[in-house]
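2 protein chains.
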Amino acid sequence: MLWFTEYYSGEGMELQGTGLTFKVTEAFSFRTPFQEVLVLNTVDFGKMLVLDGAVQTTERDEFIYHEMIVHPAFFTMNSSPEKVLIIGGGDGGTVREALKHGVKQIDMVEIDREVVEVAKKEFPSIANKLEDERVNLIFDDGREFVKGKENEYDAIIVDCSDPIGPSKVLYEEEFYRDCLKALKENGVFVTQSESPFAQRKVHKQVVNELRKVFEVVRPYLAFIPTYPSGMWSFTFASNSLDPLGVNPGALGEAYGKFVKENGKLKYYNPEIHYGAFAIPNFVYEEE
Amino acid sequence: MLWFTEYYSGEGMELQGTGLTFKVTEAFSFRTPFQEVLVLNTVDFGKMLVLDGAVQTTERDEFIYHEMIVHPAFFTMNSSPEKVLIIGGGDGGTVREALKHGVKQIDMVEIDREVVEVAKKEFPSIANKLEDERVNLIFDDGREFVKGKENEYDAIIVDCSDPIGPSKVLYEEEFYRDCLKALKENGVFVTQSESPFAQRKVHKQVVNELRKVFEVVRPYLAFIPTYPSGMWSFTFASNSLDPLGVNPGALGEAYGKFVKENGKLKYYNPEIHYGAFAIPNFVYEEE
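So the sequence lines, in the order shown, correspond to chains C and L.
Just so we're aligned: 123 in our numbering is position 123 of the first sequence, and the numbers increase by one with no gaps anywhere.
Just so we're aligned: 108 in our numbering is position 108 of the second sequence, and the numbers increase by one with no gaps anywhere.
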């Protein structure tokens, strides 16, 4: 009987003796220039992608992460974003959700070509829009890519891994400043921002650094069963738009039109749009 | 190195090859007439109470469960409930939170005296209000206790374990009907209602059975890192009151007064009061 266990560890991880374990029917792994890639077939979560020992995505619950990194921000915009930058996002799920809005061009900057290749081959239900003609795949360092860009994107989404190795610079104020410059005037920024329970200091750091750069900064939560503690966060930032300022009637109408065009979503809905921004006291009040 | 793993299994559990594992420094166990009790000292979650192999409560995250089973319902009431019935709740955390409101009497009906005894001895920060003079501890079968009661309680809280063994009858329509009879006219009912991700059928059954009995039935969610999938639910029910109908201004005022009297809560706040009732689509829309 094969089991894979993610024992939580690494920079920023406040749990030191906890792990999540999965029964596995098939497994293979290989090393890229950037990381160790492990592909599992699990009993409960279908296929699972693991990078450097940390679960990144599973067929069973990926919809939660990918819907929630895209739709709260995009439904906050007054019109569909035309040009979008995704940093990271190698499995393709963020591209898939972003394309459900009327996006004209997505630049996706992923550092590890081999992650995209394994996603296309092993996770077609997640990666199936990476070949879309609106998607411009760039294999490069996202931190470098964004430097010097000005007034170019309607939305920037940071779909990165933990602040270890190449992702570390994606958690810093200077990076956020470059993103603000790269955004158009009413642009929006979203990043995954770790677990407010298991990586609370890192989560708070992301929020604090973003507050130095953007006028409106709104962390929000989603249940992600295969991530540490199951309590996950994203943070929205903008200089002009506010997800909590969206008119409920207008959102209901936009959501209804979206569902007619794209079919139902599995997680996000107008109640979640507002409710996800309610944060338990302990996240920010405890020392 | 000692590790305890809860491998998810049992009636109603839809995960069959997943577990959560904890590094343990001390452990002891014993058997009562009703169940196997395991007390652990864990590295990440402090002391942990495990019944029949399932994590019930930990020092580190118990505040989430206990605040969320009590406060959304009690802040929905127009005045403090005077007489409260708690079914189960052996660790004492629900009593502790309920007493923060101006409750005059709590009848707590717990089937297993030895769980209460171990809680008082090993979990004093959770069980420390079980000796309060307003608390009437009754060691009996909660299902039987509620039969024949009429117009007696302002609130009934079902703080029970999974629908296995003695708790099974606490998930059925007939029990909910007896609870409705036992409630006063503007009474409120709350039950924990399992994980909408990991025990979705059981969760939906609770909601459906309650809808046959009560006019207003509102499931809601909380992040509980040590429970299966981390996505947990409770369900509020009443014939007259609605948590989503509470006036935000009045709630803010009541909450401010409550915090002045009791100190800060760690999870519940007015934003959570409304936001917790936002439910992702997959819970009810998928087959």
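It should be emphasised that the hints constitute simulated quantities derived from the structure, not laboratory data.
Do not rely on the hints blindly, as some may be mistaken.
Which copy is meant is left open, because identical chains are indistinguishable; a pair holds if it fits in one copy or across any two.
As a list, the in silico DSS-like pairs of lysine-lysine whose alpha-carbon atoms are at most 27 Å apart [said to hold, decoys possible]:
hint : residue 1 : residue 2
1    : Lys47     : Lys181
2    : Lys264    : Lys204
3    : Lys23     : Lys201
4    : Lys264    : Lys23
5    : Lys47     : Lys184
6    : Lys47     : Lys104
7    : Lys83     : Lys47
8    : Lys120    : Lys201
9    : Lys47     : Lys201
10   : Lys264    : Lys201
11   : Lys104    : Lys201
Against the structure, the hints:
no., hint, result
1, Lys47 with Lys181, "neither (38 Å within a copy, 49 Å between copies)"
2, Lys264 with Lys204, "between (33 Å within a copy, 20 Å between copies)"
3, Lys23 with Lys201, "between (31 Å within a copy, 22 Å between copies)"
4, Lys264 with Lys23, "neither (30 Å within a copy, 41 Å between copies)"
5, Lys47 with Lys184, "neither (38 Å within a copy, 51 Å between copies)"
6, Lys47 with Lys104, "neither (31 Å within a copy, 54 Å between copies)"
7, Lys83 with Lys47, "neither (31 Å within a copy, 51 Å between copies)"
8, Lys120 with Lys201, "neither (34 Å within a copy, 33 Å between copies)"
9, Lys47 with Lys201, "between (31 Å within a copy, 23 Å between copies)"
10, Lys264 with Lys201, "between (35 Å within a copy, 21 Å between copies)"
11, Lys104 with Lys201, "neither (37 Å within a copy, 41 Å between copies)"
Comparing the model with each earlier hint shows violations of hints 1, 4, 5, 6, 7, 8 and 11; every other hint is respected.
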